[in-house]
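Given next are the chains, with one letter for each unit.
Number of protein chains: 2
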Amino acid sequence: MEKSEKLSILDDLIKLKTVNGNEEIVANYLKELFDKHDIKTELVKNSENRMNLIASINNGADKVLGFTGHEDVVAPVNEDEWNYGPFNPKHIDGKIFGRGTSDMKSGLAGLAITLIELNEDKDFKGNIQFIATVGEEIGEIGAKQLSAAGYADHLNALIVGEPSNTSSKPVMDKLTHSGLIQIPSPNPTEYGRHAFFCAHKGSIDYKIKSRGKAAHSSMPEAGINALDNLITFYNKQKEYFATLTAYSDDVLGKTSPSVTIMNSGDQENTIPDFAEMNVKIRTIPEYNNDKLIDDLKEIIAKLNESPRMSLEFEEKSSNWPVKTDMTSDFLKIAHQSYEETFEQGALSVGAPGGTDASQFIKANPDIDVIVAGPGNESAHQVNEFVFEDDYLQYIEIYKKIANKYFE
Amino acid sequence: MEKSEKLSILDDLIKLKTVNGNEEIVANYLKELFDKHDIKTELVKNSENRMNLIASINNGADKVLGFTGHEDVVAPVNEDEWNYGPFNPKHIDGKIFGRGTSDMKSGLAGLAITLIELNEDKDFKGNIQFIATVGEEIGEIGAKQLSAAGYADHLNALIVGEPSNTSSKPVMDKLTHSGLIQIPSPNPTEYGRHAFFCAHKGSIDYKIKSRGKAAHSSMPEAGINALDNLITFYNKQKEYFATLTAYSDDVLGKTSPSVTIMNSGDQENTIPDFAEMNVKIRTIPEYNNDKLIDDLKEIIAKLNESPRMSLEFEEKSSNWPVKTDMTSDFLKIAHQSYEETFEQGALSVGAPGGTDASQFIKANPDIDVIVAGPGNESAHQVNEFVFEDDYLQYIEIYKKIANKYFE
Numbered sequence: 001m002e003k004s005e006k007l008s009i010l011d012d013l014i015k016l017k018t019v020n021g022n023e024e025i026v027a028n029y030l031k032e033l034f035d036k037h038d039i040k041t042e043l044v045k046n047s048e049n050r051m052n053l054i055a056s057i058n059n060g061a062d063k064v065l066g067f068t069g070h071e072d073v074v075a076p077v078n079e080d081e082w083n084y085g086p087f088n089p090k091h092i093d094g095k096i097f098g099r100g101t102s103d104m105k106s107g108l109a110g111l112a113i114t115l116i117e118l119n120e121d122k123d124f125k126g127n128i129q130f131i132a133t134v135g136e137e138i139g140e141i142g143a144k145q146l147s148a149a150g151y152a153d154h155l156n157a158l159i160v161g162e163p164s165n166t167s168s169k170p171v172m173d174k175l176t177h178s179g180l181i182q183i184p185s186p187n188p189t190e191y192g193r194h195a196f197f198c199a200h201k202g203s204i205d206y207k208i209k210s211r212g213k214a215a216h217s218s219m220p221e222a223g224i225n226a227l228d229n230l231i232t233f234y235n236k237q238k239e240y241f242a243t244l245t246a247y248s249d250d251v252l253g254k255t256s257p258s259v260t261i262m263n264s265g266d267q268e269n270t271i272p273d274f275a276e277m278n279v280k281i282r283t284i285p286e287y288n289n290d291k292l293i294d295d296l297k298e299i300i301a302k303l304n305e306s307p308r309m310s311l312e313f314e315e316k317s318s319n320w321p322v323k324t325d326m327t328s329d330f331l332k333i334a335h336q337s338y339e340e341t342f343e344q345g346a347l348s349v350g351a352p353g354g355t356d357a358s359q360f361i362k363a364n365p366d367i368d369v370i371v372a373g374p375g376n377e378s379a380h381q382v383n384e385f386v387f388e389d390d391y392l393q394y395i396e397i398y399k400k401i402a403n404k405y406f407e
Numbered sequence: 001m002e003k004s005e006k007l008s009i010l011d012d013l014i015k016l017k018t019v020n021g022n023e024e025i026v027a028n029y030l031k032e033l034f035d036k037h038d039i040k041t042e043l044v045k046n047s048e049n050r051m052n053l054i055a056s057i058n059n060g061a062d063k064v065l066g067f068t069g070h071e072d073v074v075a076p077v078n079e080d081e082w083n084y085g086p087f088n089p090k091h092i093d094g095k096i097f098g099r100g101t102s103d104m105k106s107g108l109a110g111l112a113i114t115l116i117e118l119n120e121d122k123d124f125k126g127n128i129q130f131i132a133t134v135g136e137e138i139g140e141i142g143a144k145q146l147s148a149a150g151y152a153d154h155l156n157a158l159i160v161g162e163p164s165n166t167s168s169k170p171v172m173d174k175l176t177h178s179g180l181i182q183i184p185s186p187n188p189t190e191y192g193r194h195a196f197f198c199a200h201k202g203s204i205d206y207k208i209k210s211r212g213k214a215a216h217s218s219m220p221e222a223g224i225n226a227l228d229n230l231i232t233f234y235n236k237q238k239e240y241f242a243t244l245t246a247y248s249d250d251v252l253g254k255t256s257p258s259v260t261i262m263n264s265g266d267q268e269n270t271i272p273d274f275a276e277m278n279v280k281i282r283t284i285p286e287y288n289n290d291k292l293i294d295d296l297k298e299i300i301a302k303l304n305e306s307p308r309m310s311l312e313f314e315e316k317s318s319n320w321p322v323k324t325d326m327t328s329d330f331l332k333i334a335h336q337s338y339e340e341t342f343e344q345g346a347l348s349v350g351a352p353g354g355t356d357a358s359q360f361i362k363a364n365p366d367i368d369v370i371v372a373g374p375g376n377e378s379a380h381q382v383n384e385f386v387f388e389d390d391y392l393q394y395i396e397i398y399k400k401i402a403n404k405y406f407e
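Protein chains in written order, with the numbering used here: chain A, 1 to 407; chain B, 1 to 407.
Simulated from the structure, these hints should not be mistaken for laboratory data. Any given hint could be a false lead.
[Claimed, not checked] Derived SDA-like pairs (lysine to any residue); straight-line CA-CA distance at most 20 Å: (1) A:Lys174 - B:Pro220; (2) B:Lys254 - A:Thr270; (3) A:Lys238 - B:Asp228; (4) B:Lys209 - A:Lys316; (5) A:Lys238 - B:Lys17; (6) B:Lys238 - A:Met219; (7) B:Lys238 - A:Asn263; (8) A:Lys207 - B:Pro220; (9) A:Lys174 - B:Ala222; (10) A:Lys316 - B:Lys254; (11) B:Lys17 - B:Leu33; (12) B:Lys238 - A:Arg193.
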């Protein structure tokens with residue numbers, strides 16, 4: 001494909017406003033593009049105006065490589081502060097500006113174009129499944145839906161095109177030195193500003209609700225203090241979390257729980273009849289989400305045996321940890337492809353944030369996953385951008401990985 | 001004084017709107033009334049439109065009996081639901097309706113009229129100090145101001161004219177049986193619907209603020225969780241409160257602490273940098289407010305030795321417990337006066353709520369206090385009322401107590 005067409009596909013996608021919804025305009029755009037290139041597609045509706053897209057090429061290989069990206073973007077926040085507006089792509093000094101340039105319409109466009117070029121390559125022998133999802137930014141809902149419907153079951157490896165680079169080497173150094181990127185390598189200085197992730201923690205978000213009985217504070221024994229009961233649970237939970245430090249992952253570290261919100265009571269003179277707290281746990285493969293949730297429910301069931309306790313566990317989300325063996329062939333292939341493209345080593349690190357891969361891995365734990373995309377840390381910011389070169393070079397990296405994977 | 005004049009004084013006071021402020025209109029009304037009867041007065045300004053009033057008669061006795069009541073009333077809340085309006089006194093079937101009829105313009109008027117009648121009684125040999133306060137309902141601010149200025153220092157006994165009866169015997173039985181009134185006597189059935197309080201708990205209201213450092217929940221170790229730190233304090237405080245059960249009062253029972261509010265965090269993904277809780281402790285004379293506050297501050301100082309802890313104690317109010325010896329002469333006199341007036345025994349019980357006496361007792365712990373006034377449990381309610389008979393009879397009780405006290 002011509003460079004100019006590659007750039008105009010990305011521009012087209014940036015113009016499509018898919019802020020936390022409305023993703024069918026991206027799905028339809030890509031379907032039309034794939035139709036033109038004789039690639040089989042399937043639209044999978046999520047809800048009103050929200051459409052996932054699957055596109056596949058099948059050369060009869062014995063394994064399947066997945067390409068995945070999400071169609072939604074986060075809100076532009078302060079529209080006034082965008083130099084060119086969030087949905088008005090501008091190419092300035094080698095950068096393309098606009099909401100989603102980094103996260104992740106560049107990755108999505110790059111993977112789509114790779115699919116088209118691989119399909120046209122008569123020497124390519126592999127099977128690729130391209131998956132464009134809705135609602136990654138809020139709940140990974142498209143990936144969740146597709147995983148439940150079996151779309152991840154036959155995948156052997158997966159490239160998630162989320163932003164994995166930084167905009168400059170000093171920024172990368174800062175991120176690594178501050179601990180914001182966890183590095184397995186002791187010496188990051190030999191690497192450039194390009195990286196990919198071989199792992200990220202999962203997460204569990206939940207709420208604990210405690211119900212009691214109101215009373216005037218002069219007669220506390222006439223009531224049941226829901227807050228006191230919630231803190232009784234908090235203390236049990238803290239003891240339990242301490243036991244989890246026994247489990248550790250070489251790249252991701254340990255399970256990391258945080259109680260982030262607690263609210264109870266609104267009158268100084270009244271025993272509160274309700275209390276709730278939010279907890280976020282970052283999880284590792286060594287102690288998986290379902291085991292954790294079962295343990296927490298057991299603690300609650302035990303406390304609820306007391307007639308004065310009424311605690312409720314409400315799961316808000318459960319995103320599984322993603323971890324690819326550092327010594328796997330897929331990771332070796334990824335390293336080689338980066339080295340050939342950038343003539344420099346690329347870090348493979350554990351990322352703090354999550355991706356749709358959490359959902360696919362939950363359905364099929366055997367997928368080797370890398371998160372690799374042209375975007376950078378300008379994601380979610382005002383004046384988000386991607387380097388034009390990165391965008392174009394990632395298409396080369398994706399093709400290299402795919403070709404090597406099916407060699 | 002004629003009955004009609006007694007009733008019209010109460011009506012006049014009810015018409016004066018002194019909802020949490022504006023008390024100078026009551027102070028000025030009473031000053032004018034006392035002036036007319038040659039009783040010496042002193043206006044003590046609290047703040048804009050807020051005026052305390054002191055009125056005294058001095059017959060050279062060696063002790064002083066105080067009469068006290070507050071000039072403010074609570075808000076009428078739902079004005080529509082008042083049958084005759086909150087500030088429009090109506091006499092219907094032996095009841096007088098209006099905001100403050102029970103709490104406590106009937107008590108205030110009754111004590112003022114008692115003062116006038118005692119002043120006219122050539123046989124009366126006692127010294128009385130009448131104290132009308134501002135802002136009892138919110139913070140007991142007038143009593144606090146007057147106590148600090150020394151107005152309680154020379155008092156030997158004090159009648160607080162707050163509502164101390166119920167509207168019916170069944171209601172009294174219900175209140176006692178539900179534990180809402182704590183009774184020293186094992187058998188309340190021999191008593192009528194009239195009662196007075198010889199004791200009530202004090203209270204301490206305070207806030208604990210915890211300050212930390214925000215961070216993304218994927219990197220909790222980059223922040224300081226203010227909520228976790230607050231709960232560390234909560235747990236220490238709970239251990240401390242458990243030690244207070246060693247102290248007990250025969251009428252008031254034990255120190256009774258309640259954590260009534262806790263708030264922290266507003267984003268699930270962010271380590272909270274602030275957390276706060278409100279605590280209300282009902283106190284007893286056996287472990288006084290200042291000792292408690294010192295203990296709490298010491299716990300905080302110790303925790304704050306950790307560089308990651310930043311806890312702050314904020315006192316919101318400290319009202320002292322009030323307790324008069326059940327075997328004191330003043331209580332015997334009160335019992336006799338009730339029996340002579342109602343031809344039935346009166347309960348003397350510990351009340352759950354507080355009064356201005358908390359402030360006077362803090363300044364002068366030697367005052368014998370009773371809370372005795374014509375009002376009932378309709379205080380603070382819509383269609384608040386007082387029985388006309390109760391209002392008039394309490395003037396007789398007050399006179400009897402004063403005469404017996406100086407016999």
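Any hints from earlier that this structure breaks? Give me their numbers in increasing order, please. 4, 5, 10 and 12
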